[in-house]
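So the protein sequences, as listed, match chains A and B.
Quick note on numbering that gives the first Met the number 0: the first sequence kicks off at 0 and runs consecutively.
Quick note on numbering that gives the first Met the number 0: the second sequence kicks off at 0 and runs consecutively.
Keep in mind that the hints were calculated from the coordinates and are not lab data.
Owing to the predicted nature of the structure, the values given are computational and were not obtained by experimental measurement.
Note that CB positions come from ideal geometry on N, CA and C, so glycine has one too.
Be aware that one or more of the hints could be misleading.
Stated by the list, open to error - Derived lysine-lysine pairs resembling BS3-like cross-links, with alpha carbons at most 27 Å apart:
1) A:K217 - A:K268
2) A:K35 - B:K188
3) A:K268 - A:K293
4) A:K261 - A:K224
5) B:K230 - A:K198
6) A:K35 - B:K200
7) A:K39 - B:K188
8) A:K150 - A:K1
9) A:K185 - B:K85
10) A:K39 - A:K261
11) A:K256 - A:K185
12) A:K194 - B:K243
13) B:K241 - A:K194
14) B:K251 - A:K194
Said to hold, decoys possible - Simulated DEER-style distance windows between Cβ atoms:
15) B:V198 - A:S186: 33 to 39 Å
16) B:T244 - A:P74: 15 to 21 Å
17) B:V3 - A:K179: 41 to 47 Å
18) B:M0 - A:L205: 39 to 45 Å
19) B:L218 - A:L207: 25 to 31 Å
20) A:T27 - B:E248: 40 to 46 Å
21) A:K35 - B:R6: 46 to 52 Å
22) A:A214 - B:K200: 54 to 60 Å
Each chain is listed here by its residues.
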Amino acid sequence: MKGNEALAEAAIRCGCKCFFGYPITPQTELSAYMAKRMEKSGGVFLQAESEIAAINMVLGAASTGVRAMTSSSSPGVSLKAEGISYMAGSDLPAVIINVQRGGPGLGSIQPAQSDYFQATKAMGHGDFHVMVLAPCSVQEMVDAVTLAFDKADQYRMPVMILADGLLGQMMEPVTFPEAKTELPDKSDWAACGHKNGRKHHIINSLFLDAPLLEAKVKERYERYKQIEENETDAELYMCDGAEIVVAAYGATARVAKSAVTKARAEGIKAGLFRPKTLWPFPVKEINQACKDAKCILDVEMSMGQMIYDVKLATECRIPVEFYGRTGGVIPTPAEVYDEIKKLTGGAQ
Amino acid sequence: MAVVFDRPNSLEDVSTHFCPGCGHGIVHRLVCEVLDEMGVIGDTIAVVPVGCSVMSYNYFGCDVIQAPHGRAPAVATGAKRVNPDKVVFTYQGDGDLAAIGTAETVHSGTRGENIVIIFINNTTYGMTGGQMAPTTLPGQVTQTTPFGRNTDTAGFPIRICEMMSTLSGVALAQRVAIDSVPHIREAKKAIRKAFDNQVNKRGLSIVEVLSTCPTNWGLSPTASMDFVRDKMIPYYPLGVYKDKTADEEAAK
């Protein structure tokens, strides 16, 4: 199944009741799949007049307590930033998918990872985070959707799946979970009509009283702390004894894995650190992966964005080198292998 | 002694932050009287905008969602589509609805979203201190048109009901005012019709209310009512611009 379609099917099986989207390459198959399947599964599909309207429809639906989702690609996600900030400020759960393409501006329609800063550092104005998941296969996209809906509800926050055009267009065999029949109860906060049985619920991000807003934000950061403690995830591949650790996520990690495997076969002590959560960044895991490392090679489809988290997480104890392609160019295993060889001087 | 005038049940028993002479209080009351009469407050979701009426979430007795600036019709679309049996309405000012939210307004109309939009036109951005709105009258002085709105440079005021009446999905587009008792009565009837349309799944109903902003107009409350009558109504004629139900009745 195609990555974009797998994301859609997984969402429906998670009890996602509505999808609001706007056409943009390279995620169009996701909307097309939703248009075909959503109504049949008793949900709502609506093509909005803009990315902005789509995220606000998600905001409206999520406010009433249902599972809601939207998807887009880089330029479209920029337009959604306002709505995502409001949702974070209103403690609303939702799933947002970014099938990244080259940027800035209209950029290209080819795969890229140049929205890492946006997703992990600045998904909108104000003090907030969204949880960011980084799958690297079609199966992992399915698993990420399940996790995203669960964590969004558990922590009452937007969760983003940061994919890219390669993963979206890729076809792989996939196993889906059974459709969810029981969903979390949100009746203690959702705005879905009080039936004259309780005080009215207000979904709101406005707090004109400065100390009150500060308290609200601090409460949210307490939740973020729990997430940082409990929700990080990463794959460590051949990291035991690795003197060079390649750090890469998403589709780039597959390229890097091939390069690492080849290097190991040739006697170079290489390993791969692949974060599956980008926020929270897997700090413990990268330090575990790099315990024997003399060098880290950060590889991205960007000019170097995750590299700052890699340096911060390892507190710059180990030199961090960078190899990246951008604008829609995908690095090849041979390129990454050459970098590994260059940095290690080949087999010892 | 019989109580002849009381606060509607649907209106929370709190003091509002609105200025003396502001029209919001009257329109809030009309909306809540209608919700009381229809007995739907427990099944209603209000979507409030950015602007003076943002804090209506403290006044409307139903569940409330506060929308980003201009996005209330999109938020209401999301809420209504997954809750088709609930009553969903937006309450928006002119800057919110007719400037930054024009796309959301037009497209919720053309889709025929089964929601009610209460549109407060007071020709200015109230909360930010009285800047030019899309509805500011030609020649009208505001903070950002200190020499009066010059239509050569600042363009012309937008007539929303006339525009919305051209959209096939709109069931009702009616302009009312709150400058006199007969007009207030007419306004309440229009609001009732809008909510009835929603219950009867007729499509989008928009009621534009010509209202006041004494603080930013620099006028007394009574002079503000005169401004509505003498300056606003001539540019924004009151009346029904579209009424699908009445048109269908007439065609029978």
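Now the hints, each set against the structure:
This hinted pair does not check out: K217 of chain A and K268 of chain A have alpha carbons roughly 44 Å apart, beyond 27 Å. For the given pair, K35 of chain A sits about 42 Å from K188 of chain B by alpha-carbon distance, which is inconsistent with the 27 Å threshold. Restraint check for K268 of chain A and K293 of chain A: the C-alpha separation of about 10 Å stays at or below 27 Å, so the hint holds. Between K261 of chain A and K224 of chain A the alpha-carbon distance is near 39 Å, which puts this suggested pair outside the 27 Å criterion.
Of the pairs offered as hints, the one joining K230 of chain B and K198 of chain A is violated, with about 42 Å between alpha carbons and a cut-off of 27 Å exceeded. Between K35 of chain A and K200 of chain B the alpha-carbon distance is near 25 Å, which keeps this suggested pair within the 27 Å criterion. Distance hint between K39 of chain A and K188 of chain B is unfulfilled; the C-alpha atoms sit about 39 Å from each other, more than 27 Å. Simply put, K150 of chain A and K1 of chain A have alpha-carbon atoms about 25 Å apart, close enough for the 27 Å limit, and the pair holds.
Among the hinted pairs, K185 of chain A with K85 of chain B is consistent with the structure: their alpha-carbon atoms are about 17 Å apart, no more than 27 Å. Taking the CA atoms of K39 of chain A and K261 of chain A, the gap is about 47 Å. The hint is violated against a cut of 27 Å. Distance restraint check for K256 of chain A and K185 of chain A: the Cα-Cα separation of roughly 41 Å exceeds the 27 Å cut-off, and the hinted pair is therefore not satisfied. A C-alpha spacing of about 31 Å is found between K194 of chain A and K243 of chain B, which places the hinted pair above 27 Å, so the restraint is violated.
With a C-alpha separation of about 33 Å, the suggested pairing of K241 of chain B with K194 of chain A is violated against the 27 Å cut-off. For a cut-off of 27 Å, the pair hint linking K251 of chain B to K194 of chain A is broken: about 38 Å separates their Cα positions. Distance hint check for V198 of chain B and S186 of chain A: the Cβ-Cβ separation is about 24 Å, which falls outside the suggested range of 33 to 39 Å. Checked against the hint of 15 to 21 Å, the pair T244 of chain B and P74 of chain A fails, with Cβ atoms roughly 42 Å apart.
Taking the beta carbon of each, V3 of chain B and K179 of chain A are about 54 Å apart, not inside 41 to 47 Å as hinted. The given range of 39 to 45 Å is respected by M0 of chain B and L205 of chain A, whose C-beta atoms sit roughly 41 Å from each other. A hinted range of 25 to 31 Å for the beta carbons of L218 of chain B and L207 of chain A is consistent with their spacing of about 26 Å. Checking the proposed 40 to 46 Å range against T27 of chain A and E248 of chain B shows it holds: the Cβ atoms sit about 44 Å from each other.
Distance hint check for K35 of chain A and R6 of chain B: the Cβ-Cβ separation is about 50 Å, which falls inside the suggested range of 46 to 52 Å. Checked against the given bound of 54 to 60 Å, the beta carbons of A214 of chain A and K200 of chain B, roughly 43 Å apart, lie outside it.
Of the numbered hints given earlier, the model fails hints 1, 2, 4, 5, 7, 10, 11, 12, 13, 14, 15, 16, 17 and 22; all others are met.
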